[in-house]
Amino acid sequence: MENSLSESNFAKKRKIPIKIAIIYISIGSLWILFSDKILNNLFFDVSKISFFQTFKGLFFVGATGFLLYLLMRRYVSALAQSEMELYVREELFRTVQETSHEGFMIFTSIRNEQRKIIDFEVAYCNSEAARIMGFRVENIIGHSLLKAIPVFKENGLFEIFVNIVETGVSKHFEHSYRLNGCNLWFRNTAVKAGDGFAVCFSDITDSKQALEELRQERDFSQSLVDNARTIIMLWAMDGTITLFNKYAEELTGYTAAEVIGKKWWEIFTPKEIKPAIPELLERFQQGEVIETGEHPWIAKDGGRIEILWTHTLSYDAEGKPLAIISMGIDITDRKRAEEIINHMAYHDPLTDLPNRALFNDRLKLALAHAKRNKQLLAVMFIDLDRFKLINDTLGHAMGDRVLKDVAQRLTECLREGDTVARIGGDEFILIFPQIAKEQDVAKIALKIIETMKRPFKVEMQEFHLTTSIGVAIYPHDGQDAETLVKNADSALYLAKEQGNTYQLYTPSMNDKAYERLNTEQALCKALENDEFEVHYQPQVNIITGQITGMEALVRWKHPEKGLVYPGDFIQIAEETGLIIPIGEWVLRTACLQSKAWQDAGYPPVTVVVNLSARQFLQQNLVETITRILQETGMDPKWLELEITEGVIMKDVDYTVKVLQELAKMGIRIAIDDFGTGYSSLNYLKRFPINTLKIDRSFIQGVVSDIQDAAIVSTIIVLARNLNLKVVAEGVETEEQYLFLRGKQCYDMQGYWFSRPVPAEEFEGLLKRQPFSRVVTMAEVAATEETNLLAETNPLTET
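By the count of the UniProt record's numbering, the sequence shown reaches residue 798 at its end, each step adding exactly one.
Any given hint could be a false lead.
Pairs of lysine-lysine residues, derived as BS3-like cross-links and limited to a Cα-Cα distance of at most 30 angstroms, are as follows [claimed, not checked]:
| # | residue 1 | residue 2 |
| --- | --- | --- |
| 1 | K685 | K657 |
| 2 | K335 | K262 |
| 3 | K685 | K664 |
| 4 | K371 | K335 |
| 5 | K637 | K486 |
| 6 | K388 | K525 |
| 7 | K443 | K486 |
| 8 | K364 | K271 |
| 9 | K147 | K192 |
| 10 | K595 | K486 |
| 11 | K262 | K192 |
| 12 | K147 | K171 |
| 13 | K246 | K371 |
| 14 | K371 | K453 |
| 15 | K263 | K246 |
| 16 | K246 | K274 |
| 17 | K486 | K525 |
| 18 | K364 | K374 |
| 19 | K404 | K447 |
| 20 | K388 | K374 |
| 21 | K274 | K263 |
| 22 | K637 | K657 |
| 23 | K453 | K486 |
| 24 | K171 | K192 |
| 25 | K388 | K685 |
| 26 | K664 | K595 |
| 27 | K453 | K525 |
| 28 | K657 | K457 |
| 29 | K246 | K262 |
| 30 | K171 | K153 |
| 31 | K457 | K496 |
| 32 | K457 | K404 |
| 33 | K300 | K320 |
| 34 | K404 | K453 |
| 35 | K557 | K388 |
| 36 | K388 | K664 |
| 37 | K116 | K192 |
| 38 | K116 | K153 |
| 39 | K664 | K404 |
To be clear, the hints were calculated from the coordinates, so they are not data collected in a lab.
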């Protein structure tokens, strides 16, 4: 408004000369027109009129001069005052511009003949503008804009300035250009000034750089927040969310828009934790630093996310808590892994039953409860009879499936609060707390035994298992966990000897268990210390009196007990697996001895070696026998392997495969204890068998038991009809010998001929043969004829 008033005063002052001229013309004209008339009316004398006309003229000149003086004085005074004001304003403007931190320049237009602006002339430039532009003021005033500052043309600023002059519209803008090798930024305000323009500009390069650095820092921080694989959440002290990063969105399923402005505990916190939230918020509001902690969240889909949190408090200028930055790491997989590892540490990986560690923990807790409440508690040790045969025959995969079924059946036998654990192999152990009376334990044991009698079906095959159970009862059989388990194990050993039964612990069992443990330890050292030896019992053909075979029987030369027979240690060797190296040693020793006698000139005699169930079911049995034959130089045709019916019936297909491979090598196969197991004419037809051995239990009763006599007679006839050799073992009396001879069984083995003897004594038998107890061919013929007449009475002798 002040500027508009100044322009109005300047316009009025420009009109003063015109006013003076008009006044002068007006007064002069009126004077000329009316002064003569007035004189003519006043005076009639011509001389007076002439005198007054001269005086009138002088008066007019004087009056008009004086009037002109007054008017000019007033105008000049006003003009001087205006010039002074202008000078003051110019000085003020110059002072302001020269002391300003902004550049200021005034330009006037340079037009061509068509009145088109083709350039601008620099009319004014303050020192700051000169400094910014890099030139001196006196070197720029009066120069062309485009020549002095050509970059204005390049940056399109010239067109902006032309538009301002032509339209009169002011413009605020920013621009940059390179000056002296630097990229500079300016903020400009340009306005029209006459036929030109004035521009005020300031160097904002530092501000631009600061803003750019701030932007980069902000973008970097935002990038960190957005790309961090960590939940980042900013929330006010009342729990209101103000920031929610992309990873949090990804993890929870909620978008930032869905949660910002809401309380985090209303959205994410599980129900069981919500009651603790007010206390947590109060602690934060009081400025308490809660650095880390595990708190789960509930995702949008209802899933539970385990999160490890780190919290940082933000404070205002007065040091009061303002907000909280919470950063969370998803530890759901880690927690699950920990749970799995913890579960694995206390559970059997195959059956998922508690393992020994968890069993011990539970037993201690159950004992503590039983002591407080003065109750009975039972510990049952369970072992599956002959389970190792399944593993050895069909492989561990099949055995594992059977164990899983066993675990399921045992679990079904439990009451609520009972525990069944697998502690290794086919051994299970159970805890039965709160037992009312000892008879209840027996009922539970019988229930388990009956449950295990049901056949196990795996991949179209059926398996029959029996169970042995040892039981120890608190407080009678032990006051602590270790003693109860040890005594239950002792009871189990006695149960296993009987098979498919349970046994309650008695104190005398510890002696048997101790003796068994000593035997196991001694057996482990027996092979290393060369404590085994082989005895040989001859098989005699009673027609020729010659030794046709020799059964190799192991003996243990115990350093303290002396000679120990197989019945006292073979079962333990079978259960512990020592039967494998012992059996290989017996086979190698017998083959070496037989080959040595052959090399010494004795007639070849078939050496008979027993194969236990565990030996026969080895996957590398054929390879082992082949290697031993090669190492000893033994001809396979002089080797006969004895196998019991029970062994070959475990897996018929496997048995056929192995026996056929052995038969191809020339090895003879004998069925030991024939008639005591799963006899089947069909299997006799399928198996490549050479010899049937009649079990001693039948031979002992042939002269006194009509059924034994009938069985023996039948086996002999069956073998003869199937073209198999038959050997009667356990012949100890003359009556037995005569009966067998009468039934045409001409190959016998037993004390009637010789007990098993060491190799040195057996060599003497080889030297002294033939045996004297022989039958002539005439007797043989007579016996055959008599048998035809006496077939109805198996006890008839000839």
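Results of checking the hints against the structure:
1. K685 - K657: Holds, because 14 angstroms separates the two Cα atoms, which is no more than 30 angstroms.
2. K335 - K262: holds (29 angstroms)
3. K685 - K664: Answer holds: K685 to K664 is near 17 angstroms, not above 30 angstroms.
4. K371 - K335: Outside the cut-off at roughly 37 angstroms; violated.
5. K637 - K486: With Cα atoms ~50 angstroms apart, K637 and K486 exceed 30 angstroms; violated.
6. K388 - K525: Distance of about 23 angstroms is within 30 angstroms: holds.
7. K443 - K486: The hint holds at about 22 angstroms.
8. K364 - K271: At roughly 35 angstroms apart (the allowed maximum being 30 angstroms), K271 and K364 break the hint.
9. K147 - K192: Between K147 and K192 the Cα gap is close to 21 angstroms, so the pair holds against 30 angstroms.
10. K595 - K486: Given that 30 angstroms is the threshold and the Cα spacing comes to 49 angstroms, the pair is violated.
11. K262 - K192: violated (54 angstroms)
12. K147 - K171: Distance ~23 angstroms between K147 and K171 Cα, so the pair holds.
13. K246 - K371: Outside the cut-off at roughly 58 angstroms; violated.
14. K371 - K453: violated (35 angstroms)
15. K263 - K246: It holds: about 18 angstroms lies between the C-alpha atoms, which stays within 30 angstroms.
16. K246 - K274: holds (25 angstroms)
17. K486 - K525: holds (24 angstroms)
18. K364 - K374: Distance of about 15 angstroms is within 30 angstroms: holds.
19. K404 - K447: holds (19 angstroms)
20. K388 - K374: violated (40 angstroms)
21. K274 - K263: Holds, because 12 angstroms separates the two Cα atoms, which is no more than 30 angstroms.
22. K637 - K657: holds (19 angstroms)
23. K453 - K486: holds (26 angstroms)
24. K171 - K192: At roughly 10 angstroms apart (the allowed maximum being 30 angstroms), K192 and K171 satisfy the hint.
25. K388 - K685: holds (28 angstroms)
26. K664 - K595: Distance of about 21 angstroms is within 30 angstroms: holds.
27. K453 - K525: violated (38 angstroms)
28. K657 - K457: holds (23 angstroms)
29. K246 - K262: holds (17 angstroms)
30. K171 - K153: holds (17 angstroms)
31. K457 - K496: The given pair, whose Cα atoms are some 24 angstroms apart, holds under the 30 angstroms limit.
32. K457 - K404: holds (12 angstroms)
33. K300 - K320: Violated, because 34 angstroms separates the two Cα atoms, which is more than 30 angstroms.
34. K404 - K453: Answer holds: K404 to K453 is near 16 angstroms, not above 30 angstroms.
35. K557 - K388: Measuring from Cα to Cα gives roughly 28 angstroms; hence the hint holds.
36. K388 - K664: Since the Cα atoms of K388 and K664 sit roughly 28 angstroms apart, the hinted pair holds (cutoff 30 angstroms).
37. K116 - K192: This hinted pair holds, its Cα atoms lying about 16 angstroms apart.
38. K116 - K153: Answer holds: K116 to K153 is near 16 angstroms, not above 30 angstroms.
39. K664 - K404: Violated, because 39 angstroms separates the two Cα atoms, which is more than 30 angstroms.
The structure is inconsistent with the numbered hints 4, 5, 8, 10, 11, 13, 14, 20, 27, 33 and 39, although it conforms to all the rest.
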